[in-house]
Structure formats: C-alpha cells, structure tokens
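If you read the protein sequences in the order shown, they are chains W and X. Every letter in the first sequence is one number past the one before it in this note's numbering, and letter 150, counting from 1, is 150. Remember, this note's numbering sits 723 above the position in the second sequence when you count from 1.
Keep in mind that the hints were calculated from the coordinates and are not lab data. Just so you know, even glycine gets a beta-carbon here, dropped at the ideal spot from N, CA and C. Hints may be right or wrong, so weigh each one.
[Claimed, not checked] Restraint ranges, calculated between C-beta atoms of paired labels, are given here:
#1 W/Trp694 / X/Leu814: 49 to 59 Å
#2 X/Phe812 / W/Trp694: 50 to 60 Å
#3 X/Val876 / W/Leu708: 15 to 25 Å
#4 X/Leu1040 / W/Leu708: 51 to 61 Å
#5 W/Gln152 / X/Glu772: 42 to 52 Å
#6 W/Pro697 / X/Ile880: 21 to 31 Å
#7 X/Gly954 / W/Phe706: 22 to 32 Å
#8 X/Val876 / W/Ala483: 54 to 64 Å
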Amino acid sequence: MRTKTVSRLICVLLGLGMLFGCGERPLNDPYPREDDGKNVLYSSFNERPKHLDPAISYSENEYSIISQIYEPPLQYHYLKRPYTLEPNIAEQLPSVVYLDANGQALPEDAREEDIAYSDYVIRIKQGVLFQPHPAFAQNADGTYRYHALTAQQLKRISTIADFAKTGERELTAEDYIYQIKRLVHPQIHSPIAELMKHYIVGMQAFADQVEQRYRSRPQGGTAFFDLRGVALPGVEALDRYAYKVRIRGKYPQFRFWLAMPFFAPMPWEADAFYAQPGLIEKNVTLDWYPVGTGAYMLTENNPNRRIVLMKNPRFHDEAYPAEGEPADAANGYLQDAGKKLPFIDKIVFTLEREIIPYWNKFLQGYYDASSIASDNFDQAIQFTGQGDIELTPAMREKHVKLQTAVTTSIFYMGFNMLDPVVGGYGEKARKLRQAVSIAVDYEEYISIFQNGRGIPAQGILPPDISGHVDGQAGINPYVYDWADGAPRRKSIEAAKKLLAEAGYPEGREPAGGKPLVLYLDTVARGPDDKAMLDWYRKQFAKLGIQLVLRTTDYNQFQQKMLAGNAQIFMWGWNADYPDPENFFFLLYGPNAKVEKGGENAVNYKNREFDRLFEKMRNMDDGVERLGLIQELQEIIRRDAPWIFGFHPKSFALYHDWYYNLKPNLMANNETKYLRIDAARREARQKAWNRPVYWPIPLAVVLFFIFLLPAWLSYRQRMRATAL
Amino acid sequence: MMQYVVRRILYAVPLLLGVNVLTFVLFFIVNSPDDMARMNLGQKHVTPEAIEKWKRERGYDRPLFWNERSPGAAKLTDTIFYDKSVGLFLLRFGRSDNGRNIGADIRQRMWPSLAIAAPALLVGLLVHVSLALMLVFFRLTYLEFWGVALCVVLMSISSLFYIIGGQFVVGKLLQWVPISGYDTGLEAIKFIILPILISVAAGIGSGVRWYRTLFLEEVEKDYVRTARAKGLTEPRVLFTHVLKNAMIPILTGVVVILPQLFMGSLILESFFSIPGLGSYTIDAISQQDFAIVRAMVFLGSALYILGLLLTDISYTLVDPRVRLS
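Just chain X, with the same shape it has in the complex:
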C-alpha cells in the first residue's frame, strides 16, 4: 500500500501544477499587475510612479511566464509565475498583497472554520442517516412518499434562505442566540449553534435522499432477506445489518470531505461573520489579492487530492476485499 500512496502523491504534483497554472492564467486574464496595484493603492492620487513602485516592491514588474531579458534558466525563474508558485509546493504561502503572512493567517483562521464544519458534519451525518433509515423503514407507505417529497422541497430551497430565515427566527424573533459573530473558547458555543443547525437543516434534503438510496440498495439484498427469515425484527435488520453494510459508502463519502472541512463555507461564514478560511477566500477575491487566492486554491486542491487518497485507503480498512496496488 505504501507504494500506492507514494505513487498517488507523485501523481498529485502535476495535478497541482496544472491547477496552479490555471489559477494563474485565469487571474491574470481578468487582472493585470497594474489593476492589482491600483486596487491596493486606493483610488486617490494614484500616480504611474506609485504603481510602478508597488509592482517593483511586490515583484509584479516582471513578465508572467518567460523573461526574455534574463540569461539562461533565469528566463524561466525570473518571472512572476515561478516566483509566486514554487513556494506553494513547500507550503510556503508567502505574503498577501497587503503584506500579511498568509501561512499565519491560515493557521489562525482554520480553527473557526473547523469549529463550524466538524460538528455540522457529525450532527448532519447522525440526523441524515437516522431520517434516511426511518424513510426506509416506512418504505412503500405514505410516510415515505411525503418524506421524500419534503426532501425534494428542502433540496429546492436556496441555502441563503436557510441562513437568513434561521437568523430571523432563532436570532431575531426567539432571541435565543446572537444573530452573528464569533468568539473564542466556550464563548464560541453561542455563536456556532445557529450556523451548525442551519448547516444541518440545509443538508437534510439531499443528505437523507442520498442515504436512503444507499439503504434501499442494501435492503433488497439476500442477507437482509435471510435476516428477516431468521425472524429478526425490522428495526434490528435495519440498524444492525443494513446500516453496518451501508457504512462503506457512507464512510468513504465522509472521508473524502474531511480535509475540505478546513476550507470552511464561503456563504455561511460571510453571513455569520465567522473569521474562517471561507470568508478569507471571499475577501481575497473581492480585494483582488492574488497571493491569497492562489494560496487558497492550491490548498483546496491539495486537500481534495488528499481526501481522495484517504478515501482509497479507507476502502481497504472497511472492506477487506479491496486491495490497493
């Protein structure tokens, strides 16, 4: 398996390089270094000299990919792309365009993101699996029909509605928790309850339908018929046998998103003023901070690849039939 893991890590290098090139090209199609300078220098009294000085200081006064004026290998290395990309592969994110250490920012901001995403994932998993099992239990009854219909309705509602509606009802009308904000330590609890609840509620429609499909596949299998034939009760069949066997796709589905939890949620964090990595990315995009955008895209890609690798490994752990080679 070690060989497989090493091979997958090596595969990741060209993938990440490709993502990096794509981000770079897309960003600089939309923005030029002059635009970035103007954005950072403000709107008043921005002279061409000031723009040139900003670019020189930040290393944006060089060509993007190929520096004709430099000798030898420097033609490639004395460019914006090389300068801004190589460090990423060593997880050196460098400085943002307004001078902050991106690595320190990421280390600081991943915790609030995790504080929301991790409980939301666990509670969501529990709620969604339980409800899906209930629907399966009541399959072929009007309860299942209306349950699935409700799931479709819930899926059709925008996540913004859940957020604004949740803030309005729980924060404003009932006045149980602060409408938005964040704090550290135990004080954080009152701020994260609502985003977690909303996150769970917003995922019920799709989550329950997905798990229901997995369970329905299982309940038609021979071992379930055998279990019933042995005289086991339906709840026991579902919660002991079906759930256990359906855990493989559930587990692998969860493992793939585990690394992504660090990245946070763009909209949820923005509405609740949670200082996580999701809002960090949104800020960077709106401020045209290329250094942060490229770091976050790179990190997101790397974590996604890591998630896929972990999924493959988890297959071997939960299903002895699977062997990685």
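Next comes chain W alone, as it looks inside the complex:
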C-alpha cells in the first residue's frame, strides 16, 4: 500500500516535470501568450502618470507616453547634435515677422526695443489624420454618435475600447488653436498658463473672459464648455492649414515651446466627448485617454497595471532621418535611413514599483532596456585600470550594451543671497562662498555617491547647451586650475586663504573665535542619505566650519525657500529646452523666489547680470550672444551664488535586439525611431529562462527525511501503553 502511494507520487511529479518541460514558453514569462514573437516594445513605469492631458502634463514619465501620441508642430532632430529643431507636423520651421507697436512689419535685424510683437506663422501638412476614435464617430445624418450617451449605452462602457464604432478626421489649424485656448481653461491647470498669458497677445483677457463665462454658465446643462465661441486675439487661423501666434516683444524661445506637447493639436470633439458626466464617473476622460495624430495611440490605460500603445493605422508619412552626427553611420544609427516610421507595432508600459523585480526582469529579457539603479551598479558596471567604465562580464555574456549621456541638468548647492552670513554682494561674503565652493569636492561626491555618473559643473550650462565651453577656456577659474590638460580643483589651502580674507581665519568667527556655524537645509530622506549628509559636513569641516543640517520634509522645505529662511540648500534644474536662457533665468533678479515666487531660489540680484541677461535672452544665436554668455558665466562664477555641483550622466543598458537607441534628452517622441528584433529576443528569453526542476525531488526527499523523526515519534507514542 505504502509502495503504491510513493509510486503514485513519483508519477505525479514526473508528470508535472514533463508538463513544464514540454512547453517551450518560459514559465516566468509575464506577458500574454498572444504577444509571443510579436513586434512589441516592453517598457515600464514606476509611478502612475498623474495626467496624460497635453495641456497639463509636464513630467518625464508622462511625456514618455503622450509624446508618442500628440504631435506639436515642431520636434527635435533625432540624431543631430547640438539639438536642432525641425518641422514635425509643420511644413517648415515657423516664419517669424517682427512688428512695431503700430503693427507695422520690421526687418529681421530690427532692434529688440523696436519690436512690440512677433508673429509666428505655422503652416501644417495637409492630409494628416487623427487616430481612429469614438469621439469622431458619426451617425448617417452627420450627428456625433457618442456625444450624448444614454444611461443604457453607458452601462456597457468601462474603457475607451468598449465603443463599437470609431471615426477619424483631418487635422486642421483650428485644432492647434483650440489647444492653445485650453491652456487657460478654468478646469485645466496648465503649468505654463501664467507664462503664456505673459507672452501670447490677448491670452490674459481671453482667460478672464472664459473664466467669467464658465462661472456664469447655467447649471445642469451639458458639461462641455466650448472654447470655440470665444476669440483669442493673439492666435488666429489664416486658412484651414495655417495659423498665427502673436507674441509680445521678441521671444525666440517660443519656437522651443512649439516642440512641446502643450502646443499639440486637440480636436474639440474629444473635449465634447469626454466631458460627458457618465464617462467621467467611469474615469474615461481626456486626461487618461489621449486623442492625437502621433505614431501611436493609446488603447489600454490601466495606470495601476499597464498602459498599452498601438501603432496608429492613420499615421502620416514620416521617414527615419538620413543624416546625423559624423559617427552615427559607424554606430549603426543610419541603417534605417529613409524607412517609413514607426517600426514597432505595440508598446507595453508595465507598472514596476520596485527596483529589484524590475532589474531581474531586464536580466531575464522581459524588458528591452533598463536604467541602472545604485543597488545594481556593481552588477552592471566595472571600472578599468585607467578609470574608464565598462560592462561587467555577466552583462557582456548577455550581449547587453551600455549607453551614456550627460544630461541637460544641473545639481547645485545654493547660498541664499538674502542671508546675512553667506549672502550679500560684498567682497567678504563673496570670498566665503568661493572658499566653500573649493572645499566641497564634487569630484569625490560623484565618485562616492553617483558611482561616477556625472561630471563636475564648471558653470551653469551643461554640455550640449549653446554657450557651454569645454577645455581650459570653459573652467571655473575661482574653483579650478588648469593642470596637465585637465581642470584640477584648487587646494584646500587656497580655500582657507580666501576664508581668512573673508574674516574667518581657520573657520572661526572674528569676534570670540568661535567656529563659524553654517546651516544646510535639506529634504529629510531615509537613513541611506546619512552618509551623504555626513560627507557634506566633512567638506565644510575641512575649512573648520561647522555645518548644521536642518532636515525637513519637502513641503516645509518649499515654505522655507519661499520665505527665504534657508541659508544653504541643494536643488537642481532640468532644461525645458536647449537654450542658455533656460538656465541663466534661474539667477535673474526679477525671478527671485522670495519677492516674486520665481525660480531664482538663491534670490540673486546683480544689476550687471540682469542687464546682460536681458540682452542675451532674446538675441539670435551668434558670436555676440556667445560673448554675452561667457560674460554672464564669469559674473556668476565670481559671485558664486551657487556651488555649481555636477551634471548627472545617464547610463542606459539595452539588449542586443534593440536598435536605433540614441540618447536624445530633449526629444520624448523617440519610440517611433526604435526597432527591435523580436525573434532574437524570443530566442534569448527561452535560453535565459529555463525553469530549474531539480529542487522538486530534492525538496520531496528532504521532506520525508524531516518527517521521519516525527513518524518514529508518532509510532512510539501510538504503541506506548498508558501508565
């Protein structure tokens, strides 16, 4: 009997083993069987996007989705560097006409002070279609099929995919105008609304008028608040395919905004469709189901699990670029030159909250590319004897490739210029800041805390931003010397000398000889940051300065910054667009945080700087502008309101079935250029994910071994006689 039971057990185990073994599909494949071998790109997101409305979205994780769907008039060339704007839906780059106060056209080289307005005329391509969408579906009589859904119809609808019919429509200039109006819609909180009210002629008055109408509209009517009935004087359609935006004064940076989703087209039908209360109740809104003309369209949005984009069957003709940087051909970036875009049929973004499962899934081949978290850095990257980086043998064995790029960002330490100790524009305060700038060794910081992923900043501008200068001419002479062909941080003795000149010999107060105490305000984070904060303390201690850390949560930190109560703090900036204006404005006096609530967090006010900035910001690129940029750099290097920390370096790993992935830190619509070899991926996934079965019989044997004493004890007890 017992032998029979054991034999049965072995048979069951063998059966299970055969069942698992016979299937070719890896057991741990997290994707549906029907997608096997298909041309699908697998990506992830670790935090659900808050918004997918192009008027609101402004964060990287949101852009990674909506930039594939919405198409603004311009885009960045995928391969060229420095970053170059090119037409996207526009037929060519917008023509700009300068006007005086009377509306008379001025020559291109007119003086800035004569320019009262700039007209941007944008002509779009004809025949571009919106993606198929129920908002466009019409009945035979021309009325919209789903714009007045009944309770009966709503019962069957949970997502956008539940609508039986879809329609499509040609893109027109009015769709761009509608979206510009949406930026100040009373219900939409666009982060650039205030900025655009300042620049687009009539935007403020339009916003006021719309607000008034919105508040006074009759309750209980349709929820759709139609913006088409209200004119925006600064934006007008010239014909079906052209529109004009009138800007106050000269604002050349406006062309960069035209490459962002804020200025992508929005069909009024989508607004009308999604405004239905029945759909809002089911979370079927424009904020979650975009409607665009881009290479992809969103077909599934479960922000708690996954977001799926499918190739837009109506996507207009666009070809892979045929030119780029000189090395692009050798690096294989031009292999697909001239081929029709996009290459990938489907993109699946899966929610992946934690680093460990995300990283392991990348190693198993279930994600096509991955960033490198600090925890995994040693598994992926090693340093050569010369200090260069390379992939570890484990990565090379998997044919993983590495790509690095210096981001267009800067992390800095700021001195509050309103502070009586570190702030101010006197020689002593300046020397104190310069001394601290030398003492805080960002080379060491990058090495210890960034795993080498960053370059020390020599000024405010990151590489790839116009005005950044490499080499000896580009160093910060107040912090670095040029030695042996490279910048070398000045010695701590030099810093001490500056400190003594500032009135703090050996880091002590002139009166009483007490150590100078400075305060670093920082956002309280986990215990992991303790080492970093200790490191900062040590940097100041090199000068004999006592650094007191004032940790707080981000809300209170923001309050302190707004009130000007922080003395020293750390912050960062990521470029909106590749123009030096987008960095220098962080130190422009009228943007001071305490006075104006602006982005000038250190409250720096230097008349000369402001004067030169005002001159530079609206100037066209050229030698004169470059000269001004260097003057601006010199002023802030000398005044040292910031310790220019570092520009982070992004490291990306990707598998060898992934093609055309070139870092483009400005463009977010890069997915249409990417290509994958799905067959190779499938083969690798199978090779890397063979289930291991031997622990099963081992576990069974161990179970019986452990059971044996229990069994013996049981028998003994059963045979024992009562006392």
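We have chain W; now place chain X onto it with these hints.
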C-alpha cells in the same frame, strides 16, 4: 439580535466621525492646501496664481473647520472638512486630487487585493492550523521544542525578507513564475502564486504559535481526558474533538479580518506590482492625495468596525451559550 446590530451600527457613526476628524487634522498638520497644490502642479513654473486657481477649483480655498465669513449654518458647512467628509458617510468618495473617481478606482482595485488576500487567508489557515496541531500532537517532545523555536525564528524575520527572498529564489533562480506583475482572468494565477506562498510562509511563525496556544488550552480540558479514557486515538482526539472546540476562537479570529481583506497588503502589493487597494493607499500617501487618503482611512475603519460586528454575530452562531442583547 437585530436591535443589537442596529445599536452597534449607530455606535459606529461617532467612531467614524472621530476617525475622520483625526485623519483630517493629522493630514492638514503636515500638509497645507498650498502644499497639495504645489504637489499637483509640479515643480516648474508654479506661480501663486496657479496655486490659487487649483485650490479654488478643488474647494481647498476655504477654511478647514469654521468659515467666519459665511452666514448661519454655512459657517460650518462652507468648510473643507464638511465638504470633504459628509459624502463619505454615504459612501460617496468623490474625486481624487488629480481628478479620478475614487469610487470607480476602489471598485476596480479591490479585486486584485482579494485575489491575493482571500487564498492567502484560506491556505494560511489550513497550513497554520495543521502545523499547530502537529506541534500539539508532539507536545513535550524535542519536535515540539524545535518546532516552537523555528516558529520564533520565522516570526523574527522581516516580511520584506520573505518577499525579496521569495522573488529571488522562486522567480529568479528557479524561474518558475514571473517575479512581479499582474493580469486578469486565468493569466492571474501565475502572478498570484508567489505572493500567496510568501504571505502564507511569512505568517507561519506567528500563526502556528497562536493556534498552538489555543489547542494547548483545549487539550488540558476534561472532555479531552474523557475522550482519551474512552480509548480514542490521539489523532482522533485532536482532529475531531480538540479542533472542533477550538474552532470558536479560530472562526471569530478569521471573521474579524474578513472585511479587511479588501484593503490589501501595502508592502506585498507594492513589491509585486499588484494593482490593489494597498498600493493605492501607498500611492496616495506619497502623492499627498488627501481625497484618497481620507477615503481609504474611512473605508478601513468602517470595515474594521464591520469585522468586529461580524465577530460578535459569529459568536452566537458557533456558540449557543452566547446571546447578544
């Protein structure tokens, strides 16, 4: 009993109101409406005008508890607290701070939570009770000693270790199931096996010790001695008589947590990317979404009170000696 149930439900109202006030006060001690606006509007180009507009649109431009400027009863009703709290008692959760319908989200996300929590509870109960009975069977032997010692060790290990260790061994080394993720229908099975196993394993230490204590109390009672004296075998005594009598505390212990199953597990769901209510709450806290936090705290409290009520009722069902009055 009906009278008792109605009375308990009425008791629940001030309790829930108290929980709501506490949540409200704690949240707004840490965050101001301005902070919430900044969090929602992002970090760039956030002007005071934009903050004011956001607050006005969401109803956060009013006083918290008392509106001096409003007339009569509106002093109380034209406040953030009143506006955001009254609907909860009608289970109208309203909209999250980024505009989503919370009720629809909860309805959607409770199923993944249940898909993990319900099987984990059943399997866990079976495993823990069985192991506890084994320990009791081998009481006063070295097997019991080492068994209890092992339980203490298992209790001392952080649940994070079980999760990460389970993902590493089963998902990465053995490659039997996906490391994380979720799907619907039958496809969900491969994703929930590991979280369920981990959930059961992580509870073995405390669960087995708890049930062992219950069984040990029973085995010393007179009826057990009588059963043995009748000549029943030890397994029969344990599995028939002791288990049956120990079912009262087991059952009531289970009933009290039944409603809580909907709420999901904060850590487990986060690590396995399970789109349940546990991760929903975590997200809301990190995004300072007061509307969701208050809804989830309210729901959690209401379900807890419901659990206690069900426990009382279940006493009367399994033990005829108990009468509710």
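Any of the earlier hints contradicted here, and which numbers?
4
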